[in-house]
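Visitor: One line per chain: the protein sequences are A and B, in this order.
In terms of UniProt numbering, the first sequence is residues 1 to 487.
In terms of UniProt numbering, the second sequence is residues 1 to 487.
The reader is advised that the hints may include incorrect statements.
Put simply, identical chains are the same to the list, so a pair is met inside one copy or across any two.
Claimed, not checked - Listed next, the in silico SDA-like pairs over lysine to any residue satisfying Cα-Cα at most 25 Å (straight line):
1. Lys87 to Cys121
2. Lys25 to Phe227
3. Lys25 to Pro366
4. Lys22 to Asn158
5. Lys56 to Pro176
6. Lys81 to Ile270
7. Lys373 to Phe227
8. Lys464 to Cys141
9. Lys38 to Lys280
10. Lys464 to Gln256
11. Lys440 to Cys141
12. Lys22 to Arg115
For the record, the hints were derived by calculation from the structure and aren't laboratory data.
Number of protein chains: 2
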Amino acid sequence: MCSVVKLSESDSYLQERICILKTEKALRAGGKIKLTAKEVEVNKLILDEKSAELSKAHKNVSEYLPSRHFFQAKGDIDRSKVFSIIKNIPKGASLHTHLLAAVSVDFIVENITYRDNIYGCFLNGNFKLTFLQNANQDTRCLWKELKEYRKEDADFDNWLRKQLSLEVENPAATYPSIDVIWQRFKKIFTTAYDMLCYRPVFEDYIYQLLTELYLDNVMYTELRGTFMPLYELNGTIYDTEEFFKIFIATVEKFKQVYPKFVGVRYIHSIYRGVTSEVLKSGLDELMGMKIMYPNFIAGFDFVGYEEEGKHIVHFHKELSEASRQLKFYFHAGETSWYGYTDLNLVDAVLLNTSRIGHGFGLPKHPVLMEMVKARDISIELCPISNQVLMLNQDPRNHPAVYLIANGFPVVICNDDPSAWGATGLSYDWYVVFMAMTSEKAGIEVLKQFAMNSIIYSAMSDHEKIEALEKWNLDWNKFLDNILNVLA
Amino acid sequence: MCSVVKLSESDSYLQERICILKTEKALRAGGKIKLTAKEVEVNKLILDEKSAELSKAHKNVSEYLPSRHFFQAKGDIDRSKVFSIIKNIPKGASLHTHLLAAVSVDFIVENITYRDNIYGCFLNGNFKLTFLQNANQDTRCLWKELKEYRKEDADFDNWLRKQLSLEVENPAATYPSIDVIWQRFKKIFTTAYDMLCYRPVFEDYIYQLLTELYLDNVMYTELRGTFMPLYELNGTIYDTEEFFKIFIATVEKFKQVYPKFVGVRYIHSIYRGVTSEVLKSGLDELMGMKIMYPNFIAGFDFVGYEEEGKHIVHFHKELSEASRQLKFYFHAGETSWYGYTDLNLVDAVLLNTSRIGHGFGLPKHPVLMEMVKARDISIELCPISNQVLMLNQDPRNHPAVYLIANGFPVVICNDDPSAWGATGLSYDWYVVFMAMTSEKAGIEVLKQFAMNSIIYSAMSDHEKIEALEKWNLDWNKFLDNILNVLA
Ligand SMILES: [Zn+2]
Ligand SMILES: [Zn+2]
């Protein structure tokens, strides 16, 4: 710690000031990284661009993109120089992505929904998509081919996009509260689910998901999902074992085409509103599958709006029991309440969670903060998700800023990018870099975020070392490219 | 710290859980207070009311008042049972209040602006009010009596209220950015300044200010202000020494009528945009006055929008010099920037500030956090100000939540209550209690906030002890009243 300042001496005042700033720099994420000569050079270029963008914002705060709503900022982010650098960074892994909201709406509408045998129908107030041999194959609903919808309504595709995304012109007016936007958010999954369970579409969807991540310089991902009852047009329905076989085969196919891609793991998710019995049988089934696919299945998590369903403590017996065989990756503390839903954080930590999804409420809990730090539990930070889903408006004041300032192991994640018109990880990286780190934080924090995403993944130590080696090659290429283009 | 949980044993799981929650309770503000038997009883009643209000909000978040904009929540807060309890709490001191925005607009419009000799005029795009013997006495402008304005426009008083307040129907639409609202905010002072410098009005204004605080169960205040050139209609202008004499005499008059009121201190404020020379002569003048009124003048602070003018470091020589004779009460870190304006916090701490105004950016600075804790520097928290002036929308995610959770010495303040239609301290207390403390935090945190406001005031130790004794009598009366009314 810095020595006590002698106020009468101006030199010692400024020295003390520098000492405080240096000590804080060393404490924050990336503060312990020693930069190579090449990194020092690239750092200058990156900080120049960061400063240029922030200086404009200091003069006119409406120029500042991260505190604008993402729907209204995205176009300008696409034109940002800092963003173009971030897109090129090898970002490592994407560790918190929900399988069913991870592919761009463009691909779904323009590719998947233009295939043969796709039908739509309104069921209980939701528009549902599915694949059928003919309209009578599924009698739950009066199915109509999408062709027909498109004949009747020239604007159908735009309407369809809106069913598959939260994007609107004026989000503040459309979504008056977090409760409202979550109800709307859940409908996206209802619309898409049956369509994505069609086996050929599922394969192409996973392939596209990996392609979009790979194009954004992401080399590995862990996907939260459920066992999907994949089907063929002829009525065949695959069981859970076959679901994993098809899933894994698709990943392997992708890896053969892109050998630099490291792989995928699956985190099984159960709705937090289930009964203890349903949870118990779900965990039993998962443990069975985990024995068959030990490398593919990473562990377990709850999904759904955290204000709904049950708090984790309700299930502590079933989960303690399962914790001998399963790793946990709990969503916890994705809430603004204090002393209520945020107590899920206590249980996530007590149940030895491997990572915490969001952990938005964590800084309210000093004992948990110490435990998280001591146990090296990483925090999956999804700033755009938190903004769109109305937890936090201005990322400059997102609670994870304090975690990053204190060197907690934070991993940048994208949650449900298709729901807000994002692809890949770069938009979230941009927001974190421009709003949630010091204006003086440069390449060291970017490097730390990339390395964290590998280190805190569910890979084995051996795999992590291999992944870090691959990443390091890409990182050096990135440095060279930047120097060629910008210097 | 709690022992490591044995996951296989359900009892030990729940014991460990309780241990974590108890340890966190002990760490937060008020956590070390031992409640008396009477306080335990009252605590139950208060927590019942707090729970009842929060339970409604859990079910329907739009029922939750603190995260609504204050302009849209105030009417419902007035009807809240928790608020009615808070109004009755002896709240101790109000330590961060700007003299010129501290009296309700009702009093100004209905009382002050209906006096004889009041004139108005548009000057450089601002409406200005003043007192004159006749319109020609001040040739800067074409003054017109307010009587005349009122004859011409039946709605004049409503229009006038809008000049003296930020209140509007739809703040989000009216104020698109923090820069815009600060420009508008500054105009309030331009409108009112000359009017309030009229000596009889100044006396009545101060008297009313103290009355409004006293009626809200506040016993002491420290007011930030400037030397005002008080005047009489006949053209007499009083010098700074006379300004203090008139000010102090008014306070004494109030104390004679309300002997339970403890007193007032003055914190001198200079605009942060001045030159070093102007600051130096301002500090010299202040030190001269401080010798004459050592008990009345508490110290020095900068005022104005923190994004404008100069950062504190610019003045570190002049301020270091003055720090031998003056105490500082710096506004610092009232910003969302990180590594820029928030660095004022570094200088505030280096210059040994006695308290920090807002300190909104403090949790981004772990070294400063340690220094603030070690040096027992208190934080003046003004949640409604931060919401209205667009720093923070939802007080549940205000950074001071983390300070309160870690037992930092936080003092609840009101900043510029008249600008947002508030009076007294109770609205800010309500927001802090309902949004910034745990749902399980009760009377102990309220007691701590009241005591903090006395302990961290500029009073002498001797005066603090006396004030705490007086406060304690009122506190016991409050407990008895609650038990009579609610039990
Ligand atoms: Zn998620
Ligand atoms: Zn202030």
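Visitor: If a hint holds in the structure, say so; if it does not, say that too.
Guide: Results for each hint:
Proximity of Lys87 and Cys121 under a CA criterion of 25 Å is satisfied in neither setting, with 39 Å inside one chain copy and 56 Å between copies. Within a single copy, Lys25 and Phe227 get their C-alpha atoms no closer than 44 Å, and across copies no closer than 41 Å, so neither meets the 25 Å cut-off. Proximity of Lys25 to Pro366 under the C-alpha cut-off of 25 Å is found in both arrangements, the shortest distances being 22 Å within a copy and 10 Å between copies. Taking identical chains as interchangeable, the C-alpha atoms of Lys22 and Asn158 are never at most 25 Å apart, the minima being 52 Å within one chain and 53 Å between chains.
In this assembly of identical chains, Lys56 and Pro176 lie within 25 Å of each other by CA distance solely across copies; the values are 17 Å between and 31 Å within a copy. In this assembly of identical chains, the alpha carbons of Lys81 and Ile270 never lie at most 25 Å apart, being 40 Å within a copy and 40 Å across copies at closest. With identical chains, the CA atoms of Lys373 and Phe227 are never at most 25 Å apart, being 33 Å at best within one copy and 51 Å at best between copies. In this homomeric assembly, Lys464 and Cys141 never come within 25 Å of each other (Cα to Cα): the closest approach is 48 Å inside a single copy and 75 Å across copies.
With identical chains, the CA atoms of Lys38 and Lys280 are never at most 25 Å apart, being 53 Å at best within one copy and 47 Å at best between copies. In this assembly of identical chains, Lys464 and Gln256 lie within 25 Å of each other by CA distance solely inside one copy; the values are 20 Å within and 76 Å between copies. Within a single copy, Lys440 and Cys141 get their C-alpha atoms no closer than 58 Å, and across copies no closer than 49 Å, so neither meets the 25 Å cut-off. Taking the closest pair of Cα atoms, Lys22 and Arg115 never come within 25 Å of each other, the shortest separation being 58 Å inside a single copy and 59 Å across copies.
Violation of the numbered hints given earlier is confined to hints 1, 2, 4, 6, 7, 8, 9, 11, 12; the remaining hints are satisfied by the structure.
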